[in-house]
Amino acid sequence: MIPAWTVEYASLLGRGLLTTLEILLISTVFGFVLAVLVALARISKNTLIAKVSLFYTSVTRGTPLLIQIYIFYYGLGSLFAQFPLIRGSFLWPYLRDGYWYIVFALVVSVGAYVGEVIRGGLLAVPKGEMEAASAFGMTPRQSLLRVRLPRALRLLLPTLAGETVMLLKSTALASTIAVVDLLGAANVVRAQTLQVYEPLLLVAGVYVCLTFLIEALFAFAERRGTPVRRSA
Amino acid sequence: MPTMFEMIGFSEQGWGAALLKGLWMTLQISAGAFVVGLIVGLVVACLKLGAPKPVAALARGYTTLFRAVPELLMILLLYYVGSMLLNSLMESMGYDVVNVSGPLAAILVLGLVQGAYASEIFRAAILAIPYGQIEAAKAFGLHGFGLFRRVTLPIMAPYAMAGMANLWINLIKDSALISVVGTNELLYTAKQAAGSTRQYLLFYLTAAALYYVVTLVSNYLSGRLERRIRRWMPVVD
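First to last, the protein sequences are chains A and B. Residue numbers 1 to 232, in our numbering, belong to the letters of the first sequence in order. Residue numbers 1001 to 1237, in our numbering, belong to the letters of the second sequence in order.
The hints are simulated quantities; they were obtained by calculation from the structure and are not laboratory data. Backbone N, C-alpha and C fix where the C-beta goes; we use that ideal spot for every residue, glycine too. A hint or two may mislead.
Unchecked claim - Computed beta-carbon distance windows for the label pairs:
id, chain 1, residue 1, chain 2, residue 2, range
1, A, Lys51, B, Gly1009, 37 to 47 Å
2, B, Ala1056, A, Val29, 50 to 60 Å
3, B, Val1035, A, Pro158, 41 to 51 Å
Stated by the list, open to error - Per the computed footprint, the stretches of chain A lying under chain B, defined by three or more beta-carbons under 8 Å from a beta-carbon of chain B, are:
id, stretch
4, 65 to 74
5, 169 to 179
6, 203 to 210
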């Protein structure tokens, strides 16, 4: 009962799935690092740093991701192409490919969205715990890394699960700049087999499965990360 | 060769008027989809809370599915499946094949996605109403739509307000995705302008600035509206 095209294009769709997962993983890791830095910048006492980071998160969250991708890919891409120095350099093969533009756009986007989330988490950590940390003689950096950040992340796990699902859905925009991710692969199949929507339905199912997987992973992390409460 | 300023200006060679027309289309599509999402969201939220089990499960399935599948994929899917279904329906009824109008399809597609998110916000807001309020209203003889309009709605509105304001901003941003199926909204117009002048950076930055202005204005207005809706609530400080 399996339609013939699924067998014929299985390897293409498989590679598309791998590309989607790759983009998701890279932009999660780098985006998260950027997000922590952005969160710290947002609550910085230095007004200039705080204002600049506020501007960054506000503009990134206030404009469509698709247009940001176009700005990077078509805008900066066409700018790069004008310089013979860049065209001739070893970087050019990378700068021509849509892949790194989508990764860059997603990292920028995660940095802004998750940065604001983490900022909220850092502010939600009870003040007494920070005071306790410094009473133990921790330096500000130590108390940030050992107390404030871990506490904030624990509080934020459910929100971060939602943000990761959003990121998964955003990776589908890669197909608009000719990257063959999962949706891109489905579009190739559609073009070659002249099927209007069947491939789309198939990958929609895959996206739903990936969403459940992400939610299960975060639920697992939440159980592991929660200390067992002793009954009084 | 017109200068950059002339290109986005309102002269004959300028794309200013076209971009503003695109912006107007974006706002129309977003507003339409918001209304559709509002209605779908309210109905689905009520179904999830009070309908018989199979119907409630169906409503939950709709929410899960529409929130798990990428919006871009959903738009392509509903657009193609929708126009195909409509055409086969028209054919079977003996009419000619119709071309699905872009903006109308966009409103329906975005509205359905929006409805899934809105239903969760409304569900949470309705659950936040202290049950005694509803009981009191019933004791006063209110029921059905009157109960909903005079008690449920005003009490839940502040709880739902922040979430709905966020959804509106998301909707504006998601409406840019409609450009992939060729509806001439803001991003699509910017794409055309960029393609014909080869000034990609200029036009995409201009369009991004227009979206940003809409977001900022929306934030300001929703803040005002929220203060008004919350006016019955006790002030917490």
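Using the beta carbons of lysine 51 of chain A and glycine 1009 of chain B, state whether their distance is inside 37 to 47 Å or not. violated, 31 Å
Should the hint that valine 1035 of chain B and proline 158 of chain A are 41 to 51 Å apart at their CB atoms be regarded as holding? For proline 158 of chain A against valine 1035 of chain B, whose Cβ atoms are near 30 Å apart, the range 41 to 51 Å is violated.
Count the residues of the stretch 203 to 210 of chain A whose Cβ falls closer than 8 Å to any Cβ of chain B, and tell me whether that reaches three. It holds, with 4 qualifying residues against the three required.
In terms of beta carbon proximity below 8 Å, does the stretch 169 to 179 of chain A have 3 or more residues touching chain B? As far as the stretch 169 to 179 of chain A goes, the hint holds, because 7 residues have Cβ atoms under 8 Å from chain B.
Cβ separation of alanine 1056 of chain B and valine 29 of chain A, checked against the hinted range 50 to 60 Å: Cβ of alanine 1056 of chain B to Cβ of valine 29 of chain A: about 39 Å, so the range 50 to 60 Å is violated.
Okay, the stretch 65 to 74 of chain A and chain B, do three or more residues pass the C-beta test at under 8 Å? Contact hint for the stretch 65 to 74 of chain A vs chain B: holds, 7 residues under 8 Å.
Of the numbered hints stated above, those contradicted by the structure are hints 1, 2 and 3, listed in ascending order.
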